[in-house]
Every structure is written in C-alpha cells, then in structure tokens.
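Taken in sequence, the protein lines are chains L and S. Per UniProt numbering, residue 1 is the first one in the first sequence, and the count goes up by one each step. Per UniProt numbering, residue 1 is the first one in the second sequence, and the count goes up by one each step.
The set of hints was computed from the structure by calculation and includes no laboratory data. From a predicted model like this one, the values you see are computed outputs, not experimental measurements. Some hints could be false.
Since the list can't tell identical chains apart, any single copy or any two copies may satisfy a pair.
Derived DSSO-like pairs (lysine-lysine); straight-line CA-CA distance at most 30 Å [what the hints assert, rightly or not]:
no.	residue 1	residue 2
1	Lys105	Lys210
2	Lys105	Lys227
3	Lys227	Lys313
4	Lys104	Lys227
5	Lys273	Lys353
6	Lys210	Lys353
7	Lys137	Lys104
8	Lys252	Lys104
9	Lys357	Lys91
10	Lys268	Lys186
11	Lys91	Lys104
Next come the chains, spelled out residue by residue.
2 protein chains.
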Amino acid sequence: MTRAYNFCAGPATLPAEVLQQAQEEMLDWRGTGMSVMEMSHRSDEFVAIAQTAEQDLRELAGISDDYAVLFMQGGASSQFATVPLNLMRGKSPADYVNTGIWSKKAIAEARRFGEVNVAASSEEQGFTTVPDQASWKTNPEAAYLHYTPNETIGGLEYDFIPDSGDVPLVADMSSSMLSRPLDISKFGLIYAGAQKNIGPSGLVVVIIRKDLLGHAQSGTPTMLDYKVIADNDSMYNTPATYSWYLAGLVFKWLKAQGGVAAMGEINKRKADKLYGYIDNSDFYANPIEPRFRSWMNVPFTLADDSLNSAFLKGAEERFLLNLKGHRTVGGMRASIYNAMPEAGVDALIDYMKAFEKERAGHE
Amino acid sequence: MTRAYNFCAGPATLPAEVLQQAQEEMLDWRGTGMSVMEMSHRSDEFVAIAQTAEQDLRELAGISDDYAVLFMQGGASSQFATVPLNLMRGKSPADYVNTGIWSKKAIAEARRFGEVNVAASSEEQGFTTVPDQASWKTNPEAAYLHYTPNETIGGLEYDFIPDSGDVPLVADMSSSMLSRPLDISKFGLIYAGAQKNIGPSGLVVVIIRKDLLGHAQSGTPTMLDYKVIADNDSMYNTPATYSWYLAGLVFKWLKAQGGVAAMGEINKRKADKLYGYIDNSDFYANPIEPRFRSWMNVPFTLADDSLNSAFLKGAEERFLLNLKGHRTVGGMRASIYNAMPEAGVDALIDYMKAFEKERAGHE
Numbered sequence: 001m002t003r004a005y006n007f008c009a010g011p012a013t014l015p016a017e018v019l020q021q022a023q024e025e026m027l028d029w030r031g032t033g034m035s036v037m038e039m040s041h042r043s044d045e046f047v048a049i050a051q052t053a054e055q056d057l058r059e060l061a062g063i064s065d066d067y068a069v070l071f072m073q074g075g076a077s078s079q080f081a082t083v084p085l086n087l088m089r090g091k092s093p094a095d096y097v098n099t100g101i102w103s104k105k106a107i108a109e110a111r112r113f114g115e116v117n118v119a120a121s122s123e124e125q126g127f128t129t130v131p132d133q134a135s136w137k138t139n140p141e142a143a144y145l146h147y148t149p150n151e152t153i154g155g156l157e158y159d160f161i162p163d164s165g166d167v168p169l170v171a172d173m174s175s176s177m178l179s180r181p182l183d184i185s186k187f188g189l190i191y192a193g194a195q196k197n198i199g200p201s202g203l204v205v206v207i208i209r210k211d212l213l214g215h216a217q218s219g220t221p222t223m224l225d226y227k228v229i230a231d232n233d234s235m236y237n238t239p240a241t242y243s244w245y246l247a248g249l250v251f252k253w254l255k256a257q258g259g260v261a262a263m264g265e266i267n268k269r270k271a272d273k274l275y276g277y278i279d280n281s282d283f284y285a286n287p288i289e290p291r292f293r294s295w296m297n298v299p300f301t302l303a304d305d306s307l308n309s310a311f312l313k314g315a316e317e318r319f320l321l322n323l324k325g326h327r328t329v330g331g332m333r334a335s336i337y338n339a340m341p342e343a344g345v346d347a348l349i350d351y352m353k354a355f356e357k358e359r360a361g362h363e
Numbered sequence: 001m002t003r004a005y006n007f008c009a010g011p012a013t014l015p016a017e018v019l020q021q022a023q024e025e026m027l028d029w030r031g032t033g034m035s036v037m038e039m040s041h042r043s044d045e046f047v048a049i050a051q052t053a054e055q056d057l058r059e060l061a062g063i064s065d066d067y068a069v070l071f072m073q074g075g076a077s078s079q080f081a082t083v084p085l086n087l088m089r090g091k092s093p094a095d096y097v098n099t100g101i102w103s104k105k106a107i108a109e110a111r112r113f114g115e116v117n118v119a120a121s122s123e124e125q126g127f128t129t130v131p132d133q134a135s136w137k138t139n140p141e142a143a144y145l146h147y148t149p150n151e152t153i154g155g156l157e158y159d160f161i162p163d164s165g166d167v168p169l170v171a172d173m174s175s176s177m178l179s180r181p182l183d184i185s186k187f188g189l190i191y192a193g194a195q196k197n198i199g200p201s202g203l204v205v206v207i208i209r210k211d212l213l214g215h216a217q218s219g220t221p222t223m224l225d226y227k228v229i230a231d232n233d234s235m236y237n238t239p240a241t242y243s244w245y246l247a248g249l250v251f252k253w254l255k256a257q258g259g260v261a262a263m264g265e266i267n268k269r270k271a272d273k274l275y276g277y278i279d280n281s282d283f284y285a286n287p288i289e290p291r292f293r294s295w296m297n298v299p300f301t302l303a304d305d306s307l308n309s310a311f312l313k314g315a316e317e318r319f320l321l322n323l324k325g326h327r328t329v330g331g332m333r334a335s336i337y338n339a340m341p342e343a344g345v346d347a348l349i350d351y352m353k354a355f356e357k358e359r360a361g362h363e
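Let the sequences and hints guide you as you build the complete structure.
Okay, structure coming up:
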C-alpha cells in the first residue's frame with residue numbers, strides 16, 4: 001500500500017494515523033464486539049466518545065462555557081440557511097461581506113430568509129483581495145455580520161478578525177478551522193463543514209454563543225433549530241455517529257501534534273514555501289494580494305494553459321493528486337490542510353521545479 | 001476479536017463482511033492511495049461508487065425510472081419537515097396515520113408547515129394494532145397520505161400497503177426498508193434513515209416519484225428542496241460520501257444474499273422463531289396483535305420487571321447486546337434487521353430459555 005499526497009480541497013486528506021486507528025477499531029471498538037458505527041448513540045460508550053471529542057475540540061480551539069458546540073449534519077450549505085433562520089431575531093438587515101464564491105452562496109441563501117446588506121465586496125477585484133474594513137458599509141442595527149475567513153476556491157484568507165462591535169460576528173470556517181490560533185470570544189457563531197480540517201463529510205461543527213440560542217424564526221425545521229440541538233447535546237435525533245468519532249480521532253491527533261499553535265507554525269511554513277517558490281518562478285503565478293493569501297488553499301496558474309493536462313498527468317504519475325483547480329477558476333489548486341505533511345508540499349515543489357525546467361527550458 | 005450479537009434498534013449491526021471490506025480499503029481504495037472518505041465527491045472514482053450504489057439499490061428494491069433516488073443528510077427527523085415543505089403543494093390537509101411514537105413525531109413536525117388530518121390512530125389501543133383501513137377518515141383532496149410501515153419503538157408493522165387512491169402515499173421506511181419485497185410503484189415518496197438496514201447514521205435515502213419534484217414551499221432551505229438535490233444527483237453540496245460508500249457495500253452484500261426476496265424469507269423465519277418462543281412461554285410476552293408484529297423490532301416483557309436488569313446482565317455476559325427496551329416502552333427489545341444472522345436469534349432464544357428456566361423454575 002502506498003499513500004498518495006492528496007491535495008483535494010475537500011473531502012480532503014486525513015492523517016494516516018487517524019485512518020490506521022479507525023481501521024484497527026473497525027469491527028471491534030475496544031472489546032465491545034462492535035464497530036463504533038454500530039453503537040447506539042445513547043450508549044455509554046458512544047456518549048463518552050462524543051463528549052471526549054467535544055472536550056478535545058474545546059481545548060484545542062479555546063472554547064469557553066459561554067459557547068455551545070454542536071455536531072450537526074448537512075454541511076456548510078445547510079448552515080447558509082440555518083444561520084439566518086436562527087439569528088435574524090426580527091432584526092434587519094444581516095450584513096455580509098462578499099469575498100468569493102462561498103460568500104456569494106451564503107448571501108444568496110440568506111436572502112431567502114431576510115434582508116441582506118452586502119457591506120463590502122472584492123468582486124470587482126476578481127476576489128484577489130479583502131476590502132479594507134474602514135470601507136465596509138455595515139449597519140450597527142444588523143442582526144449579525146457574516147464573513148468567510150478563508151475562500152476555499154479563490155484561495156483568499158483574511159489576516160484579521162473583523163471588528164463587528166456589538167453585532168454578532170458569524171464566520172464560515174469550513175476550510176480554516178483549527179489551522180492556526182483564533183480568539184473564539186470575538187465570534188457569535190462559527191460553523192465548519194468537517195471535510196477539510198476535521199473529519200469526513202456529512203458533519204458540520206457549529207460553535208454558538210449561548211445567548212444566541214432560542215431565537216429561531218417560526219417555520220424553522222426543528223432539526224435546524226440550534227436551541228433544540230444544543231438542548232439535546234446534538235442528539236435530538238441520531239447524529240452522524242461515525243463521523244463524530246472520526247472527528248474525535250482527528251482532535252486527538254491535533255493535540256498530539258502540539259495543538260493549533262504548532263499547526264499554525266507548520267501551516268505557515270508550508271504556505272510560505274509554496275508561495276515563495278511560485279513568486280520566484282516566471283512559470284507559475286498566484287493572483288492573490290500577498291497578505292491575503294490562504295494558508296490552506298493555494299491556487300496557481302501555469303504560464304501556458306495548454307500545459308495544464310500534461311502537468312496534471314505528470315503529477316498523478318508521482319501520486320500527487322487532485323491538483324486541478326476549481327472549474328470556475330481554472331489552473332491548479334493545492335489544498336494543504338493540517339493533514340498534508342510538509343513532505344507533501346516539498347514533493348509538490350520538487351515536481352513543479354522539474355516540470356518548469358522541462359517545459360520552460362529554465363535552468 | 002469476537003463480534004457481539006448486537007440487537008440495537010439503530011445505529012444497528014452491520015454485516016461483518018461489509019465492515020471487513022471497509023477495513024481493508026480504509027487507507028487505500030483500490031490502489032488510489034487514499035481512503036474513500038478522502039476522495040473528492042466529484043472525482044471519477046467516487047462518482048462511480050455513488051452511481052453503483054444507486055443502481056444496486058434500484059435493482060434490489062425494484063425502483064423504476066419514474067422515481068429519483070436521493071442520498072441526503074439529517075436522518076428521518078429532517079424528512080419530517082422536508083416532506084411537508086415539498087409535498088403540501090398548496091393543498092390541504094396532509095393525511096397522517098398515527099400508529100406509534102415515530103408517527104407522532106412526523107405529525108408534530110408536519111403541523112408546523114401545514115394542516116394535518118390524523119386520518120386514523122391506534123393510540124387508544126396502546127399502539128398494539130393498525131386501524132382497519134376501512135375506518136380511516138382520509139381526505140380525497142389531501143396533499144399526501146403519510147404512514148409509518150414499521151414502528152421501531154412499538155414493534156408494530158403493517159402487513160398491507162394502504163390504498164391512497166390518487167393521493168401520493170408517503171412512507172417512513174427507516175426500519176423496514178429492504179427487509180422484504182415491496183411494490184415501490186404504489187408510493188409517491190419513501191424515506192429511510194440509513195442506520196438500520198442500509199448503513200451508518202448520517203445518511204437518509206429518499207425515493208420520490210419525479211412528478212412530485214419541484215413544488216417546494218417558499219422558505220424551504222435549498223438543501224431541503226428535493227428538486228435541487230435530484231437535479232444535482234445528490235451532490236448540490238458535498239454529500240456524506242463515506243456513508244454513501246458503506247451503503248453501497250451493504251447493497252452489494254444484500255444482492256449476494258439473494259436480494260430482498262431471500263432476506264424476506266430469512267427475516268420471516270427469524271421473527272417467527274422469536275415470536276413463537278415468546279408465545280409458547282408464560283414468562284415472556286409481546287403485546288402486539290399477531291398479524292401486525294414487526295419482523296424487525298421485537299419488544300418483549302419479562303413476567304416480573306424486577307428481573308430486567310439481571311436479564312440484561314446475563315445477556316451481556318453472552319455478548320447479546322442492547323436488548324433494553326426503549327425508555328418510553330420499557331422491557332426488552334430485540335432488533336433483528338437484515339444484518340442480524342439467524343444464529344444471533346437462536347443464541348438469544350437459547351439464552352431466554354435458560355433465563356426462564358433459572359428464574360421461573362420451569363423445566
């Protein structure tokens with residue numbers, strides 16, 4: 001068996017150690033005679049697995065008791081509706097910042113449940129930058145302020161936490177959760193689809209300040225009411241138990257790596273290496289304003305688009321997989337989440353050098 | 001490693017062969033160098049896994065091209081809202097039949113989205129029977145007629161498919177899907193949480209007649225609009241890929257067993273054995289009218305409730321697990337889904353006999 005370096009944006013590579021443990025425990029979790037996915041979600045064993053995962057996440061991310069942590073289903077796309085359904089609270093508008101495709105999706109869905117004010121947008125700049133916060137047209141009476149700290153497709157990442165004053169700050173952290181230290185206390189709500197830095201798809205983690213619970217609009221499906229989920233410890237119905245367990249294994253792995261502070265250093269080093277090589281090359285390019293370049297998703301183009309398929313073919317031969325850029329952006333994209341080892345980035349750079357040398361005739 | 005006989009109502013036991021295959025493929029699916037849970041849902045490999053699973057389900061259940069098959073998230077509890085949101089179609093009321101706790105949950109949630117008519121109920125009979133269809137007060141103008149073919153908690157199962165005339169028939173088949181042959185063409189919509197007969201929790205399969213697509217109420221979250229999910233082959237967003245893959249392995253296993261016709265024979269034999277033993281004993285009892293006894297969930301009581309914990313302790317010592325009845329019903333419950341081998345039922349009966357002999361002084 002050989003493991004590939006998988007640069008997929010999500011579902012994404014997971015730590016080999018996590019998969020090995022899941023493999024060992026697949027048919028018999030610690031002598032119980034059953035797989036975790038066969039356990040009652042109400043059993044002592046599974047409740048312990050679930051609570052340990054939550055506790056480890058709280059420790060890793062520094063989440064205080066002022067916040068509830070929810071393990072929900074439906075991915076971030078469901079949260080695009082769930083957030084306005086729960087947080088509009090009879091107020092108007094909800095402020096949104098538009099910095100890319102995922103921002104736009106969140107905005108389009110929110111408009112179905114209330115008035116949305118796009119407080120700022122970098123669409124005219126091709127989403128290559130984050131608008132200066134001084135220019136944002138936020139509303140002090142807004143229900144909340146929503147932004148997308150890391151745009152998975154565009155490869156754009158905020159290098160600051162917006163100041164929303166007394167308005168609850170809401171963030172889609174699907175592709176940046178746990179990638180570096182973060183002051184959770186600045187947020188009203190954070191949500192993150194699991195399939196990048198947390199675990200398998202089919203799970204979405206929600207961190208919500210408790211005073212924001214209990215305000216769902218009438219007509220909110222019960223399964224999308226944060227208070228119902230919080231009051232039932234995310235077991236109002238059967239949760240995605242196996243995904244929850246795997247997320248717990250990832251949290252343990254993160255703690256063993258030294259937590260998010262250590263991951264942040266490693267992730268910065270990985271990103272710096274890759275962007276550094278791209279910037280020093282005339283053959284590869286990345287269009288994002290340097291201070292807003294994502295540590296997680298690195299899009300890049302080749303000097304000649306007609307070389308794209310040859311680049312991808314050669315990469316696959318070296319087991320460097322899923323480097324094709326998103327269909328709306330083109331070019332390449334290397335997603336280098338927590339579970340992508342630094343050696344994977346080194347292998348990618350080595351290949352990029354070799355390809356450039358061969359195709360561009362560079363020394 | 002010893003595998004238990006796990007009688008949990010859900011998440012439930014899975015075929016050992018399925019878990020073994022998942023274990024083997026955990027770190028490297030067929031030489032791809034990655035786990036299925038690390039694959040892009042848009043990759044050729046995963047799309048093939050997904051399509052094969054759908055095709056196998058269509059073959060197993062006999063689902064024609066008049067129906068879309070959707071792989072959604074949120075379990076049956078999400079469907080309790082999704083069904084009225086999509087199928088009310090400006091009509092009123094929706095007819096519901098109340099035969100137990102899961103019917104009642106479906107009814108309570110539907111009332112939040114439209115008028116509900118409870119056309120029949122066996123609540124006064126303690127949910128020990130299914131009301132004779134001749135007595136149902138259905139409305140010929142109803143948006144749909146909803147029923148629960150198998151009540152997982154009560155252990156009550158319809159032995160007929162209701163005749164709903166031109167009104168679409170909707171069924172929560174979470175705990176009876178694929179347990180015996182079924183004429184799908186009689187239904188407008190079937191939904192089934194996966195964690196009993198299909199796979200792990202976090203996945204819900206929906207089979208919907210295509211003419212019922214495209215009628216979602218305004219205010220329906222996009223992720224709950226059946227037409228959006230159908231138009232995008234259940235990949236409007238990232239689906240629960242690993243659960244989908246596991247469901248596909250279960251479908252392959254079912255085909256290898258001979259399909260639902262063979263499973264129906266085995267399931268009937270398993271149920272007949274267990275009910276037969278209960279009926280011939282003065283020590284154990286089941287309250288359900290015999291023709292409506294569930295083949296999947298067999299609740300039973302002991303002659304003396306004070307023996308319950310001793311019964312459960314002895315069962316656990318024999319690795320017969322999760323026999324405790326639902327907290328709302330008490331007593332015991334043996335869930336004997338497709339993946340519970342006949343030998344597991346035999347082992348349970350052997351233990352019940354030994355316990356009865358010891359505690360009741362019977363020969």
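Consistency of the hints with the structure:
In this homomeric assembly, Lys105 and Lys210 come within 30 Å of each other (Cα to Cα) both inside a single copy, at 26 Å, and across copies, at 27 Å. Taking the shortest alpha-carbon separations for Lys105 and Lys227, both the intra-copy value of 25 Å and the inter-copy value of 18 Å come in at or below 30 Å. In this assembly of identical chains, the alpha carbons of Lys227 and Lys313 never lie at most 30 Å apart, being 49 Å within a copy and 36 Å across copies at closest. Within a single copy, Lys104 and Lys227 get their C-alpha atoms as close as 27 Å, and across copies as close as 21 Å, so both meet the 30 Å cut-off.
Proximity of Lys273 and Lys353 under a CA criterion of 30 Å is satisfied intra-copy only: 13 Å inside one chain copy versus 69 Å between copies. For the identical chains of this complex, Lys210 and Lys353 are neighbours neither inside a copy (50 Å) nor across copies (52 Å), given an alpha-carbon limit of 30 Å. Taking the shortest Cα distances, Lys137 and Lys104 sit within 30 Å of each other inside one copy (17 Å), while across copies they are farther apart (48 Å). Taking the shortest Cα distances, Lys252 and Lys104 never come within 30 Å of each other, neither inside one copy (34 Å) nor across copies (40 Å).
Taking identical chains as interchangeable, the C-alpha atoms of Lys357 and Lys91 are never at most 30 Å apart, the minima being 58 Å within one chain and 67 Å between chains. Proximity of Lys268 and Lys186 under a CA criterion of 30 Å is satisfied intra-copy only: 23 Å inside one chain copy versus 58 Å between copies. Taking the shortest alpha-carbon separations for Lys91 and Lys104, only the intra-copy value of 21 Å comes in at or below 30 Å, while the best inter-copy value is 34 Å.
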